[in-house]
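S.K.: Protein chains in written order, with our numbering: chain A, -6 to 204; chain B, 4 to 799.
If you are wondering where the hints come from, they were derived from the structure by calculation, not from laboratory data. This structure is a prediction, so every number in the text was calculated from the model and none was measured. Even glycine gets a Cβ: it sits at the ideal position worked out from N, Cα and C. Worth double-checking, as some hints may not be accurate.
Covered stretches of chain A, going by a simulated chain B footprint (3 or more residues, C-beta under 8 Å) [said to hold, decoys possible]:
#1 31 to 38
#2 42 to 48
#3 159 to 173
#4 195 to 201
For reference, the chains in residue letters:
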Amino acid sequence: MADHPFCFAGRDFVARPSGALYWPAEGMLILSDLHLGKSQRMARRGGTLLPPFETRETLDRLAAEIQAIRPALLALLGDIFDDDAAGQALPAPERAQFDSLLSTQQSFLVAGNHDGGSGAPLLRHSGLQLRHIAAPGQGPDISGHYHPKARIAGRSRAAFLVGRDHLILPAFGHYTGGLRHDHPSLQALVPNGIAILTGQRALAIPLRYTG
Amino acid sequence: MSLPERIIDWFGRQGWEPHPHQLELFKAQDDTLLIAPTGGGKTLAGFLPTLADLMEGPHQGMHTVYVSPLKALTHDIARNLSRPVADLGLDIRIEDRTGDTGAARRARQRVDPPQILLTTPESLALMLSYPEAPRIFANLKRVVIDEIHALAESKRGDQLMLGLARLRNLAPGLQVAALSATVEDPGALAEYLGGARIVLADPGPAPDIAMLDTAQPPPWAGGGGRYAARDVMAAIEVARLTLVFINTRAQAELFFQALWDVNDRNLPIGLHHGSLSREVRTRVEAAMAAGELRAVVATGSLDLGIDWGDVDLVIQVGAPKNVKRLVQRIGRANHRYNAPSRARIVPANRFEVIECTAALQAVAAGDLDGEGRGPVAKWGGLDVLCQQILLTACAGPFDPAALFAEFRSAGPYGALSRAQFDDCLDFVATGGYALRAYDRWQRLVERGGLWQLRDPRAARMIRMNIGTITDTETLKVRRRHGGAPLGEIEESFAATLTAGDTFLIGGQTVRYDRLRDMVVEVTPKPSRSPKIAVFSGTKLATSTQLSARVLDLIGDPAKWASLPGETRDWLALQREISVLPQPGTLTCESFQRAGMHYFCAYSFAGRNANQTLGLLLTRRMEEAGLGPLGFVATDYALLIWSMDPVTDPAPFLTSESLHAGLEDWLAENAVMKRSFRNVATVAGLLHRNLPGQRKSGRQATFSSDIIYDTLRRHDPEHLLLRLTRVEAMRGLVDFGRIEEMLAARPLIVHATPPHVTPLAAPLLLEVGKVPIAGLGEDRLMAEEAARMMAEAGLAA
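Pulled out of the complex, with its shape left as it was, chain B reads as follows (with noise of 0.2 Å):
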């Protein structure tokens, strides 16, 4: 089957030809999925079997569903094909459908719907759950799903390959087209999908990415990039549109800043991350389509596949943690097919520096790497089961037999057992309780052999808890006076500021007033130094294979030409006065300063595995007697201080040793209780606060730390427990880092060099360092308390 002649003349009007993987998916009888570098016309690849379908005659009822991860994409999509659509005389509809979709739109969608939805994975779970569903559905041809290689990396994708296999029972000869960018293993993305045949596009030129030139070497420690503002400057200065990203939303702010400082010229440069308000990034993007900006810094949040008109360079300033990622921030750049990409590194200091170079070889190899879960979990959440079971039931009756079968189908529930089915059936139903039954009560009953609702009305609060993504709690931050919203800030950063305290929001210097109504009110204050620069934000850590990349740079005086000359002298240095960390080898340090003993440990695990490294190793420190004070956690190493020296490490440093600890630990750990609340909202035992909840207050929300400790007490090997127990290994704690670092370097190396080794000095230079216990929270809070006291002259 070849193109329609209107659509080969359409495409000869635009002055455009088909890409041959275009025309490929175009002739696809079967489920596809194509790998396409951005700016390679995936989306129109993915439509233009649709629109060649709905010019042969009309359609009754919804064709084709598309789904991205972004609200913001569907709205663009829906820009972009109504130009395709109206020159080619169709006449259909094409309709978005989030979040942001008004009720009357949405009751009218469920009666009628369009030919072409463009929808969320949330709201495609929420029009599933509904029991019209199947006529809704029922002729659907084809599903579209963009990002896919987003989607996979978390629960959302897992809900998402539910709902496809639902969809595939609903509408039988259902054929799926996804859509990626660039990724380490297409062969795992398309098994993710339950098989898909994989159509590779042309990868195009290679890119144009080099290290930025600075007037002045990197600062030892920090993050910031600032010292290298005048030079990003210039490089903008000679740009028609740049990008620059930074890892964090605080370091964004902060550079914003900064290039402000030295905008000499007044170009107009804006900001754009996750924390700022809605209207204040719709505004950004915007202009920036317009073509009234000639540059935006901006966090992850424009990392997704938005077209972005003239972006003619990316600046990267920090690390990238991750060479995928690079990779397809790199692609936002010329955003012409053909045309090569420009890019530039900035390293924010001088252990960034060797990473830079590990990072920018790894492009050159083409060698990506998996983030997060891994590039594909092999195994989706059992949480998100829970919670489709739910919305299942509020379709109407399930047969659990056919459920189950349904669920298989679904790539990443391939190899799960009828007895994990069984226990978040039992859950959902139940409580899933070993000690006591809800005998009357039940959330779901089961009547002539099919599973329902026990109270229908039910069904309503279900559906506003529909979701995956459990983002940390956070307030919005307004003017005092009135105003637009500002941004949002976490709940835990709020609760540390008290009135008068100035922080960073939006490139602007705040001042704390109060917190009325759930909402932060704040005025304004001109001021370059902010009391408080930081909010937490969350911190990427370096992925495995670029650290192997990094430890393999440092180790091999061979490889150093491709460093600079002050990086060279600093590893030389290094050998002179320690030993160099080497593959294979865990390479540790013992030295005294001002009185103080330090070890090192130069893991290369990652920040959140040498963070929990950090916590478990003190602890057999505390236990050993060696009485540890602190330590602070980097990408790449772990350094601890404490009042007697580590004389022999390998006794510490066993993975039987760390996991005695683990267990005991991670009951009471923080990260445990966050996993804990995630795991709890997606299986649907704790409910998302809700706006109109908030400002009641009172009962409305239960704190999942109290339920997670009775849980504990009472019925320990529940499955809420152990599905947390698995997130927090997989995840935040990353032990599965430490396990493997333990393993592939068993030979352990430990130099007691005569004071601070240089690849140790930046570490004692870092921020973040974490005081050991001992301390303990009661104190903490006991002192705070006793000095509010004092300070409002009433005795304690």
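Extracted from the complex, chain A is given alone in its bound form (with noise of 0.2 Å):
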């Protein structure tokens, strides 16, 4: 009940409030922006310490989703490492967890802008298409990237936002920032539609903008 169904490019989909995509139709689980070893990154470049556990929190509520939802396949649509760096200075209980959850069914892994040149561009599965950064005239797509975000009584959440062309997930990553939904490039790509708010339950709004 926490979940929230919804209809996208005539598919059946349902948001789950963790930030993650589920098909039901296909068994395909969703995600995108995940950002491992994002707090190693800012430490190596001499920016401030993070409390160092951000990669564990971002696997195991990978692990629980998997657990929930026991699916065919998992996509992950994306800025999977926070670099390559971060990537391959991931501790070694963290690697094996990693690999461990993508083995546990057939993974997909599309390649982000943070991901130096690992994972495939694009994913074409049953008619749509899975990609880092939606392609503006080319949907319709689901895609990652903008780490979305929106409002409701005051509170700001991770949200998917989900318009006409394009299906745009939150990040799915610990410590990641949000871009609001009103954001120029946000609103170029889902002019209207509804945004979908992480949290506890997954809470459908509706777009709207004045102006």
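Once you've looked at the hints, go ahead and assemble the two chains, each given alone in its own frame, into the complex.
M.R.: Dropping the structure here:
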């Protein structure tokens, strides 16, 4: 009941409160923007030393989703690691956990702008395109990249944006900031439709723009 | 040593004579703390030794650093000093350096510093973080700290004291003169400075201060004081220049509008508060200095010692909450030494009549009070210390033992232990995480016994995040089709607005159109009644001392003679129907009204503490199955309504009982998260939102709440969580005052009057009621989402 079922491009999907997308007809679980190793990358660049627990948090949440859904397919839409060095420096236990989560079912990796080269640029599945960044005019597609968020009753949450041509996923990673749904680049992609907020439960609200 | 002839002559040409305290400061060979009322020539006293010294001959490099809490003050001082400097024929440069100073000038100041530098604690910290700091300050002779009483109340003072300790190391023999308005405990302030001789100026004649006569008595509840607009207007008309102080920005906006409604003679009246844009504020300040205004309605933004020319009347609308603040505000009036200040107080409601009476008695008795974290913190914040370690590393490699010794020489850190210092150093260097370390990517590394930045490029980001002011995030408000910014509103307030809502800013009603590039765009909409009149601001809590005086006054009918007739009748009725709250007792009432059970505790603990008490008590009542529905907290009392009555409050009102729920409740509380954000930002874990980053949006900012939750789960004893608990308990939550109250008033008196009592009735009219969870955040959001979907014609 905490899920939010909806329709996109003539197909039925389920938005999970965690920020994961489930495609029941295909048995496919779709996530984007895990940004594993983010705190490490910031530290490497001489920046702040954030609590280095976000990779574990993100993987635990991914494990919980796989446990709950038991999907046949898993698709990760890019920016899996915060950068290549972060991917290579992933501590052994977390690398093992990640590999085992990928091998629980068949998994597809799409390349993002932070993953230098690994993964496919585009995944076509059952008539839909799955990519990292939405391609204007080439939809319908499912993508991530923007880390959309939306606000209701004074609270801001990571959110799915569902329009006619594009379905944009929130970031699944733990320390990921967001871009407001009314930012011009997101408004251009999803000029109308709904936002589905993540949190304790998935909450849909209409997208409204004034002016 | 006496004043040089040329300076005495200069005084003579102004038609002045040096005050005794100015001469005493001039003669001083040691560090001094000057306590003088406004208008006592404090600043000149601080600078006379500098001027005399510079008259003797040229000085290589910087001679004197002047630090003030306000940028505006440094501009003023630069202007005021230029006159004696020119008259005395001194060939020196006086320059200010604040966040507004341009990059080219800042760079030049590092190479070729002026003789006198006027700055703020933050800009001084920045200068000290440069590798060339030892050279810039090597020849420094004097430091003048203005408004030290204001600085000492916040972490800005802690930062300044650490900076001072560094300066003393860089320039041995440095002499410090600190200037303060009237304070309750000069000794504590001198200790804060690391020791200084106290010089007390003649306080001048007693002020002429009284309540303003009003045509009607004040209303039962509320805080706006609008009932008195016509009376205030009448007072303005017969004065030359009036300052009208009011406690919050929203109230200032509303009162300003109310004044204009009755401004039949169209007198020029201005508005000044911290939410207005810089341009607007500067314009009002300039008009005031030029004598073009007859009155200014202001909040605390005008509180500090700017020279206000010809103010001859101060009107305080609403109870002052704090006697010291009142005295300092009165100081604004008749800004001439030896002329009595004239001030009038306008209580906003019946309860405030009593508070104002008590405040007047305190002023007459010279009984001042502290505020915030106490008059002077016994120890400085460790988050400030963390920042200072980072800044020190920006200047160059440091020896930890030497740095520890330097910190200990700063007044607020005299009791710092080596273990605390090492904790802070570990946090700054490694993140201080118990479960996992950043082995290769430490922020600071040790090489040959000296600690330094691993990546020197990090210095830039560290310097950008300098300072201890962590204001709530605000958004600029601007007219939709261009034009100057109107002011700023808090982000949380902006989030509650939807297109079409109207609110007040800068004395005009505007309509919210949209948020664009982090600017709130509005259209002016002339209307008398804005839909949303309030934006949240800091609510001041009444000081402990003033609360005690109020309680004392209420509890003793023999003292009621000083109160107006209708207030006496009100209290007499309370005594008849129920009981009067008295010192030494915690008076409570239970009564029924319209099928609901009410419980009222007259705690007199201040608004913040009462709010906390309300949250904790309703939690206990929830556990006891009494079904609490909501509560409202004021400075004096807490009123809770519930399904079932409280029959015996004593078990709820023990320190242990309240403490039991505190930790759990606190951990989840927004107050705690806000404290964490402050602490983590000051300590350098979180970066401030910088203008450039905000626009690019994505990934630039982390939610501090997520960091907080992650730390709590994985590393609950982390340094920053420990600091957060201390800060939340001390400041926002004010739990200390609840404990103080329970200890001071061990006897619980519980009355069960037949119906609502005279003292409780105004509480029923108070705004700001807090509903109790059970509703829950998610349900609230779900209902709102369902409503929006239905409205949009979409199925949820």
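S.K.: Each hint needs a verdict: does it hold in this structure or not?
M.R.: Cross-check of the supplied hints:
By the rule of at least three residues with a Cβ nearer than 8 Å to a Cβ of chain B, the coverage given for the segment 31 to 38 of chain A holds, with 4 such residues. Coverage of the segment 42 to 48 of chain A by chain B holds [criterion: at least 3 residues with CB-CB distance below 8 Å; count 6]. Against chain B, the segment 159 to 173 of chain A contributes 7 residues with a C-beta closer than 8 Å to a partner C-beta. That satisfies the three-residue criterion, and the hint holds. Here's how the segment 195 to 201 of chain A fares: 5 of its residues keep a CB closer than 8 Å to some CB of chain B, so the rule of at least three is met and the hint holds.
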